[in-house]
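Colleague: Next come the chains, spelled out residue by residue.
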Amino acid sequence: MSATTATASRRSSSLGDTIFATVAKLSGIFVLAVLGAIIAALVIGGSKAIIAFGPGFLTSDDWDPVHESFGALVPIFGTIVTAILALALAVPLAFGIAFYLTELAPKWLRRPVSTAIELLAAVPSIIYGMWGFFVIVPIMSQYVQPFVIDTIGEWPLIGPFFQGPPFGTGILTAALILAVMVIPFIAATMRDVFETVPAVYKESAYGVGCTTWEVMRSIVIPYTRASVVGGIMLGLGRALGETMAVTFVIGNTNRIASSLFGPGNTIASIVALEFPESETGSLKLSSLLALGLVLFMIAFIVLAISRTLLKPGLKA
Amino acid sequence: MRLAATALALGLGVFTLASQAQQITGAGATFPAPVYTKWGEAAKAALGIELNYQAIGSGGGQNQILNRTVDFGASDAPMDPAKLETGKLLQFPTVMGAVVAIVNLPGIATNQIKLTGELLTGIYAGKITKWNDPKLVELNKGVTLPNLTIAPVYRADGSGTTFVFASYLSAVSPEWKAKVGAATSVKWPAGTGAKGNDGIAATVANLKGAIGYVENAYASQNKLTTVQMRNNAGEFVSPTEASFSAAASNGDWGAAKNFAVNLIDQPGALSWPIVSVSFILLPKDPKEPARSANVLKFFDWAFNSGDAIAKGLEYIALPAPVKAAVRKAWAAEIK
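Read top to bottom, the protein sequences are chains A and B.
Take the first sequence: its position 229, counted from the start at 1, is 229 in my numbering, and no numbers get skipped.
With the second sequence counted from 1, adding 1000 to any position gets you my numbering.
Among the clues, some could well be false.
Listed below are the simulated BS3-like cross-link pairs for lysine-lysine, each with C-alpha atoms no more than 27 Å apart in a straight line [stated by the list, open to error]:
hint, chain 1, residue 1, chain 2, residue 2
1, B, K1179, A, K48
2, B, K1297, A, K48
3, B, K1088, A, K48
Hint data in this document are derived by calculation from the structure and do not stem from the laboratory.
When you get a sec, could you build the whole thing from the sequences and use the hints?
Modeller: Now the structure itself:
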């Protein structure tokens, strides 16, 4: 009796193992299959535009639905410029938050602030978009931009970056909103990796008389550098692909503005705006899918860089 | 297993019940969506036909009906005749609407300033950049125009409203027609884009000196500051129901193939120059004739009893002879 039970249970467990292994393998393959299918769909869908415009698709700044001439330069420019500006604003702030939380803040404050950051990361992007459009844009157009245009706009060299009509929307406003959106991601990553620094290293540094800032600069940052960069790359990935919030505030214009106050466009926002009015089989729809492929490639490059930077961090 | 079979059977049962409740599905233009929805509510009580209309945009509506995923498509722009032919579709009008210009100028009341098509084109082409431009001042004697930069605002999302507005600019300016043209989204030479009617209204409200264009229903419901336009006859008209109806009755419906009548810049001293028609696209060879018949029943009811609802929502109802012509086309074309 007991022998048969044992055999039965062993048999069922080996069956369970097989099932589990198969399910796990299928799940792994499923991810690859979905990724491959998306890329294939974008390539097939965008092939008409790729054939029609060739490599010129990437360098043309034309977007003319009436005369069916499409180029990706304006949205690529807008995507990269807003994402980089957003990071330039977000990284110092996120670093300050993480530094404060791990080294300076009193214990009772760390938990609520950390929770607040995680909650900010969970706010849907449409909320950021509406907040940007109804709160930030009027402030920008009525106070910030007129003031900056009259002061910095007159300066030599950097003046041209701060000129033009004060629409309130534009590249800079989009970058501001994006910065607010990516700060929680970067700050949370930085806080986590700063906490992985072994206490003994920091204590030794304090023991030889280092200040808090010196410990941060000479011990914590070198120890976590790779992971910090990885966290920034994750923020960059989010900034590149953000759609709704940017669409609300960027001004949605297919021209490259010389001023940071000028309106622009990003790949994600132009696809979201133009997709519903594109006819099946049209060159416009094909161009939008090709744009999706371009965004895919940009995101892939960012991810690849962050992967290579994260690896040594995980080992250490 | 048996449970699953029961569930499936139940599911099928529900499905059959739903189709017995005579549901019809449509998708397309956002502009007539409020009136279709109201008609749907009223028709459910009157006819027992339940309309499920999804406002996904005119282009989307054309795609969906070409793929036959809905019972009817709706579009603000008339479909290309060749596509109607290959897609075996019947196109007919339902309601009309007008597009109006809205402005944000301190101290200027609604319909206080006058614009012409040429000036509007100049503004959207980025050639007239100040509100106190001599041409604008000359046209608006007695009104003090401020020294403000003109900020043109346009629809960033593909939209039937843009098609109508750009069609008007193309009609009055050969240069606009050659360089920009008309479509649901165009290559704007100047200005900034905003999403949807509400996006345009909010952007114009935020920015002194801004000008935008929205559907009349949206402007009048939200009490936006509109302007007078000079029409084809050289008269200045305010955007009112009378001026819209005048344009509609002056349209050459008889000559229009597939009912694709042009109501832009029509003659007549009272005509508002920017009026458009919204269309329904219906398969001539329906897969499910019963559902298609219900679509016709629905719009027949709307033509008979829906005018009051349409007017209440600031749409313009079709003239009676046009309705008769549409009914004739139904009888002749739908098998």
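Colleague: To test your reading of the hints: which numbers does this structure violate?
Modeller: 2
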